[in-house]
Amino acid sequence: MTGLLAGVRAELLRLRRWPAVWVLIGVWFALDLAFVYVFNYTAYRTGNGSAVADAVPRTQLLANLMPGAVPVAAVQGTPLFGGAILMILGALTVGSGFGWGTWKTVLTQGPGRGTAFGGTLVVLALTVVGLVLATFALDLGVASVLAVVEHQPVAFPSIAELARGWGTGSLVLGMWAAAGVLIGVLTRSPAIAVGLGLVWALVVENLLRGVSSLISGLAVVTDHLPGTAAGSLVGALGENPGESTPGVQTILAGGTAIGFLLGYLVLFATVGLALMRRRDLQ
Amino acid sequence: MTDTIVSTDGLSKRYGDRLAVDSVSLTVRRGEVYGFLGPNGAGKTTTLRMVLGLVRPTSGRATVLGEPPGTPAAVARVGALVEGPGFYPYLSGRDNLRVMARYRGADDRAVDAVLDRVDLGARGRDRYSRYSLGMKQRLGVAAALLGDPDLLVLDEPTNGLDPAGMADMRALLVDVAAGGQTVVLSSHLLTEVQEVCDRVGVIADGRLLTEGTVAELRGATAVLLRARPLDRALAIAMRVSGDDAVEIIRGPEHDGGEEALRVHADPDVIPQLTRELVAEGVDVLEVTTVERSLEEVFLAMTGTPVAQPVGSIR
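Those protein sequence lines, which keep their order, are chains A and B.
At position 108 of the first sequence (counting the first as 1) the number is 108 in the working numbering, and the numbers step up by one without a gap.
At position 93 of the second sequence (counting the first as 1) the number is 93 in the working numbering, and the numbers step up by one without a gap.
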């Protein structure tokens with residue numbers, strides 16, 4: 001336990017000083033603000049030109065921008081671009097250590113392989129949980145300002161709704177981060193890991209979903225892939241009415257999606273750990 | 001408490017059909033500086049990686065401080081720099097060491113102490129990626145020194161350094177060795193090993209050829225004789241020291257590569273040898289005692305020359 005704590009302290013120090021981490025977190029916040037608030041609020045104010053604005057009544061558009069909608073709105077981006085960003089983070093965090101030779105240095109400093117790797121996983125988990133919390137705080141702040149500006153009542157969502165949204169976002173992003181970690185260990189190269197991970201998350205799953213209608217039996221597989229499970233869990237929160245968000249699905253029921261996401265998360269982390277313990281470190 | 005710090009027994013590592021390390025059995029004793037000598041690609045680094053638990057042996061076993069390699073109990077008492085330093089490029093040298101110190105359970109005071117010890121105290125806050133190769137290597141040694149480990153494993157710490165960097169690193173090694181820690185120093189440079197090490201293991205093509213003190217490996221001193229005519233000098237030297245004790249060798253290049261005699265005998269033989277040579281009218285150009293260099297020993301064992309550093313003197 002002492003070793004794990006030492007590993008967590010060490011990883012916290014080196015990850016919080018890594019510009020790449022802050023760039024990824026910054027990109028996530030920028031995309032979140034842009035897609036949840038900037039575009040929709042612009043559409044609301046201008047009232048024309050956007051497909052969303054045409055399709056959604058203005059009152060509904062405004063309701064989606066209010067604090068009460070945050071638990072759903074803040075996690076809409078997690079299955080697709082949020083997952084991609086966290087997968088990059090996981091792959092970089094673990095994969096870079098092979099190229100830089102830092103795993104070698106770390107493992108000659110004292111902790112066992114499992115402990116050192118465990119420290120990295122714990123810090124990534126803390127990052128995910130903290131990131132979703134920060135996103136909720138940011139979105140609640142922005143939504144409150146918009147409510148005041150638009151002379152609407154500032155009605156916050158209930159703690160239960162917030163907790164549900166936060167849990168959903170954390171589980172989805174955590175699963176993708178763990179996927180990134182596993183590809184990082186498998187490829188031992190951050191560049192290949194990031195490339196392959198993105199191709200899988202953004203392209204292959206969608207293509208498979210397309211093909212599944214042509215080949216009988218394939219749908220069973222594609223309906224339970226990581227991206228489908230992630231999209232389904234977010235979909236189970238209920239979409240903000242009138243919107244259709246890329247990556248959000250309604251294929252699996254919420255409970256099933258949670259089961260598969262937890263399963264994938266544990267599987268990715270465990271396989272990564274097993275490989276890390278067994279492999280020769282060149 | 002055992003006096004054997006590292007022992008390996010038939011340690012082997014196979015990569016595909018290539019046997020990188022072939023049944024290496026070596027022993028490192030407490031407090032000594034052990035030189036692990038061999039040309040590039042001989043299997044030094046792979047052996048050390050197995051000793052550190054970074055690579056799993058194909059067969060054979062090793063113990064480090066009485067523990068299996070790579071176990072937390074063993075690693076906690078070992079500091080290592082293996083095949084070049086590995087650090088986070090975006091962190092300063094000091095922050096890199098702070099990260100490693102946290103893993104080791106050491107505090108920031110230990111970081112500053114080792115930074116000073118490798119003479120990087122003034123540059124500790126610079127980014128690692130801006131360090132020169134020599135500074136990176138020194139930071140690697142600093143990381144190995146963290147926590148004052150019982151055993152230091154330094155794999156080719158002067159590799160890739162310019163002559164000034166090499167001299168700095170060697171001074172650091174002498175300083176470390178004087179501290180009383182057990183050190184395993186691998187190198188393909190003979191002078192480095194010769195200057196610093198108590199005992200040496202020689203490895204080539206994955207096999208440990210011999211192990212012993214530097215003096216044992218170099219053997220007894222001999223007498224070098226340059227004289228004309230050489231055939232008469234040879235006959236006299238054989239009469240004085242015995243038929244098997246004399247060999248004809250090629251002289252130093254700067255002397256035109258003229259042939260000379262190496263007489264494997266105690267230096268006490270010199271007065272009698274000189275008297276008889278002069279008495280029989282042989283011109284004696286030079287009589288001197290010589291020690292075999294490790295390079296000659298190495299050549300004799302492997303037929304492979306090992307590199308000398310730039311500007312080194314035999």
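Simulated from the structure, these hints should not be mistaken for laboratory data.
Source: prediction; values computed, not measured.
Accuracy of the hints is not assured; some may be wrong.
[What the hints assert, rightly or not] Okay, the calculated bits of chain A under chain B, using three or more residues with CB under 8 Å as the criterion:
(1) 23-31
(2) 105-119
(3) 193-203
[What the hints assert, rightly or not] Over 12 Å on every C-beta distance to chain A, these chain B residues come out as not near it, computed from the model:
(4) ASP95
(5) ASN96
(6) PRO267
[As the list claims (entries may be wrong)] Quick list of simulated restraints, FRET-style, between CB atoms:
(7) A:LEU33 to B:SER132: 30 to 36 Å
(8) B:ASP148 to A:LEU267: 39 to 45 Å
(9) B:ALA171 to A:GLY26: 55 to 61 Å
(10) B:PRO163 to A:PHE35: 44 to 50 Å
(11) B:ASP119 to A:ILE159: 42 to 48 Å
(12) A:GLY26 to B:ARG61: 27 to 33 Å
C-beta: ideal position from N, C-alpha, C; glycine also.
Going through the hints against the structure:
no.	hint	result
1	23-31	violated (count 0)
2	105-119	holds (count 11)
3	193-203	violated (count 0)
4	ASP95	violated (6 Å)
5	ASN96	violated (8 Å)
6	PRO267	holds (47 Å)
7	A:LEU33 to B:SER132: 30 to 36 Å	violated (43 Å)
8	B:ASP148 to A:LEU267: 39 to 45 Å	holds (41 Å)
9	B:ALA171 to A:GLY26: 55 to 61 Å	violated (46 Å)
10	B:PRO163 to A:PHE35: 44 to 50 Å	violated (59 Å)
11	B:ASP119 to A:ILE159: 42 to 48 Å	violated (57 Å)
12	A:GLY26 to B:ARG61: 27 to 33 Å	violated (50 Å)
The structure does not agree with the numbered hints 1, 3, 4, 5, 7, 9, 10, 11 and 12 stated previously, though it agrees with the rest.
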